[in-house]
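K.L.:
Sequence:
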Amino acid sequence: LYPDDTTGVGKELRLKQEYFFTAASLADILRRFEGEHDDLRLLPEKVAIQLNDTHPAIAGPELVRLLHDTRGLPFEEAMDLATRTLNYTNHTLLPEALETWSEDLMGRLLPRHLEIIGRIDEAHAKANPSRKVAVLGDGRVHMGELCFVMAHRVNGVSALHTELMKETVFADLHRLHPERIVAETNGVTPRRWLLSCNPRLSGLITEAIGDGWVDDLERLEELEPLVSDSGFMERYAAAKRANKAELARWLAATQGVAVDPDAMFDVQIKRIHEYKRQHMNILEAIALWQEMRDAPEAGWTPRVKIFAGKAAPGYVLAKQIIRLINDAAAVINADPLTRDKLKVVFLPNYNVSLAEKLIPAADLSEQISTAGKEASGTGNMKFALNGAPTIGTLDGANVEIRERVGAENFFLFGMTAEEVMERRKVKDHAKKAISADPRLSAAIGAIRDGVFSPEEPGRYANIVDNISGPDYFLVASDFTDYWRAQREVDAAYRDADGWARMAALNTARSGWFSSDRTIREYARDIWFRNGADT
1 LYPDDTTGVG
11 KELRLKQEYF
21 FTAASLADIL
31 RRFEGEHDDL
41 RLLPEKVAIQ
51 LNDTHPAIAG
61 PELVRLLHDT
71 RGLPFEEAMD
81 LATRTLNYTN
91 HTLLPEALET
101 WSEDLMGRLL
111 PRHLEIIGRI
121 DEAHAKANPS
131 RKVAVLGDGR
141 VHMGELCFVM
151 AHRVNGVSAL
161 HTELMKETVF
171 ADLHRLHPER
181 IVAETNGVTP
191 RRWLLSCNPR
201 LSGLITEAIG
211 DGWVDDLERL
221 EELEPLVSDS
231 GFMERYAAAK
241 RANKAELARW
251 LAATQGVAVD
261 PDAMFDVQIK
271 RIHEYKRQHM
281 NILEAIALWQ
291 EMRDAPEAGW
301 TPRVKIFAGK
311 AAPGYVLAKQ
321 IIRLINDAAA
331 VINADPLTRD
341 KLKVVFLPNY
351 NVSLAEKLIP
361 AADLSEQIST
371 AGKEASGTGN
381 MKFALNGAPT
391 IGTLDGANVE
401 IRERVGAENF
411 FLFGMTAEEV
421 MERRKVKDHA
431 KKAISADPRL
441 SAAIGAIRDG
451 VFSPEEPGRY
461 ANIVDNISGP
471 DYFLVASDFT
481 DYWRAQREVD
491 AAYRDADGWA
501 RMAALNTARS
511 GWFSSDRTIR
521 EYARDIWFRN
531 GADT
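Anchor point for the sequence shown: position 186 equals 186 in this note's numbering, and the numbering is continuous, going up by one each time.
Source of the hints: derived by calculation from the structure; they are not laboratory data. Beta carbons: idealized from backbone N, C-alpha and C, even for Gly. Possibly wrong hints are sitting among the right ones.
Think about it this way: if two alpha-carbon atoms lie no more than 16 Å apart in a straight line, the pair counts; the simulated EDC-like pairs of lysine to aspartate or glutamate are [claimed, not checked]:
no.: 1; residue 1: Lys11; residue 2: Glu76
no.: 2; residue 1: Lys166; residue 2: Asp5
no.: 3; residue 1: Lys16; residue 2: Asp104
no.: 4; residue 1: Lys11; residue 2: Glu103
no.: 5; residue 1: Lys341; residue 2: Glu291
no.: 6; residue 1: Lys46; residue 2: Glu34
no.: 7; residue 1: Lys341; residue 2: Asp262
no.: 8; residue 1: Lys432; residue 2: Asp481
no.: 9; residue 1: Lys46; residue 2: Asp80
no.: 10; residue 1: Lys310; residue 2: Asp4
no.: 11; residue 1: Lys341; residue 2: Asp490
no.: 12; residue 1: Lys425; residue 2: Asp437
no.: 13; residue 1: Lys341; residue 2: Glu418
no.: 14; residue 1: Lys432; residue 2: Asp465
no.: 15; residue 1: Lys11; residue 2: Asp80
no.: 16; residue 1: Lys319; residue 2: Asp4
no.: 17; residue 1: Lys126; residue 2: Asp80
no.: 18; residue 1: Lys46; residue 2: Glu36
no.: 19; residue 1: Lys166; residue 2: Glu179
no.: 20; residue 1: Lys432; residue 2: Glu422
no.: 21; residue 1: Lys341; residue 2: Glu297
no.: 22; residue 1: Lys16; residue 2: Glu103
no.: 23; residue 1: Lys16; residue 2: Glu34
no.: 24; residue 1: Lys16; residue 2: Asp4
no.: 25; residue 1: Lys126; residue 2: Glu76
no.: 26; residue 1: Lys357; residue 2: Glu224
no.: 27; residue 1: Lys132; residue 2: Asp121
no.: 28; residue 1: Lys132; residue 2: Asp172
What follows is a list of derived Cβ distance ranges for each label pair [to be verified]:
no.: 29; residue 1: Leu354; residue 2: Val214; range: 20 to 28 Å
no.: 30; residue 1: Gly256; residue 2: Gln17; range: 34 to 42 Å
no.: 31; residue 1: Gly458; residue 2: Asp260; range: 30 to 38 Å
no.: 32; residue 1: Arg31; residue 2: Asp229; range: 54 to 62 Å
no.: 33; residue 1: Ala295; residue 2: Ala238; range: 40 to 48 Å
no.: 34; residue 1: Ser230; residue 2: Trp300; range: 42 to 50 Å
Let the hints inform the model, and build the full structure from the sequences given.
P.N.:
Right under this line is the structure:
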């Protein structure tokens, strides 16, 4: 699915794929509905359809087409029924991630849908004469706006993300429809992300408090008194150590990398993107390596920095970041002065099965996106649930994780979303940040001078120029505080009992981040179902 869409052929295939799956789903939904009911006007009472991001945005005009063209309902009624049936979950504040299609392409592939979209846009304009944002404009179809206009409810996936939606990408539409946007913080299923993937820890939990937590994750709070029980804590720490040893054996067997299970396993696993700032993470690793070389006997906390994730096919800079991590790993891991203290690993072909190996073994969860850019995150929830404290910014669901696990069990750094917007206004903010931090300057210099690509010294000029120049995602400005927080992590990890307590409290206090709670809230706030008859 979704090939490289930087070409005309790729764009066309993507739109065809999106239409095919959306149309097939809607046809099946209506087939089943009409098998039980003979009145189309019951559709919003019996069916709730959730548009997950803008990929199925064509569902709005397609459902109108099915109701109007093929079943003969008046257009206005078809649009009303569709709007009361459809809801939209937004997953991004990045304008470029809210799909748009050229009217030419839409008109060539889906001419009837383009006509329907035009009528939807006209109806919305007529009902809202003060609107400033249109579905059709500048020769393009704006799918985020289409989703919003055709949805009964629009939701963000964390509290912060929802408020920022109202202020940024959907500010005008929120002004017109102030009741439409609601917040529904994401959750993760405890059956996969604790019970199944971490049998050592889940077995210990069940032995301690029974198995009721599997269906009611908030019962994990019953573990909190046991954090003061030395016997329980020894077994909690032993479960983590065994998971790490198992991962170490797998890394040796499959990747040819030897790591020490007693070192801190520092993990960042997610899609590769500038706003997720994997390049800040590897910059910090390079700076740490340089400091270790300068003072190899300084009592460093050993670390294994693990990266994994995929880049979109046409995302050149993301692919360069992957290559830089691998090149840096080759140099750092081979250094006889530091290889017992620092290892860097990039794991290929990241997927759910690999995540199930990594998350139970992780000591530290890297959630370091530029504040205001991560809608929610669910990896952050999975790590906390499995006893990996977070180093992160006040972004997405990090905000709610920190509130629930306790600020003392979370390593906070970086600017807030408001401070990010102000810093971008400062002329040459990146150059100023680099000149103010010798560690950052030296790390960037090593990349620029080809230390990690001696056969091609200019290989990473794009990354260096990006950080040194526009630096829209503020890698340079947040680096110094990131370094500070990482040294706090080092100190905390050296206190084994204190670290285990922090990890156990993350587990005990993460029960709210269950997908069961999320679905109950969708039913209550969006689908208007109480669950009794479904």
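K.L.:
Check the structure against each numbered hint from earlier and tell me which ones fail, lowest number first.
P.N.:
1, 2, 12, 13, 15, 23, 26, 33, 34
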